[in-house]
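Just so you know, the sequence shown maps onto residues 72 to 137 in our numbering.
If you are wondering where the hints come from, they were derived from the structure by calculation, not from laboratory data.
Mixed in with the good hints there might be a few duds.
Dumping the calculated DSS-like pairs for lysine-lysine here, alpha-carbon to alpha-carbon at most 30 Å [stated by the list, open to error]:
#1 Lys94 <-> Lys134
#2 Lys122 <-> Lys134
#3 Lys94 <-> Lys81
As the structure is a computational prediction, the values presented were derived from the model and not from experiment.
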Amino acid sequence: MAQLDGTLRKNIKSGLAVGIVLKEDQSSGYITTGTVRDILTKSPKHPHGIKVRLIGGDVGRVKEIY
72 MAQLDGTLRK NIKSGLAVGI VLKEDQSSGY ITTGTVRDIL TKSPKHPHGI
122 KVRLIGGDVG RVKEIY
């Protein structure tokens, strides 16, 4: 199965398990995993990943979709 692209809004759905990079982790690239609660990016595509809020409240850009 091909890896879904985290830069396309159409690939992100509420309830999806994802890996995001938080703002404070951008320099290290540390991935935080969780489940999407809200999609915050309005545009259909973003080069650094679609910004989401996880159920736990963390906000970051999607780097991996599980």
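So, going through the hints one by one against the coordinates:
1. Lys94 <-> Lys134: holds, 13 Å
2. Lys122 <-> Lys134: Answer holds: Lys122 to Lys134 is near 10 Å, not above 30 Å.
3. Lys94 <-> Lys81: holds, 22 Å
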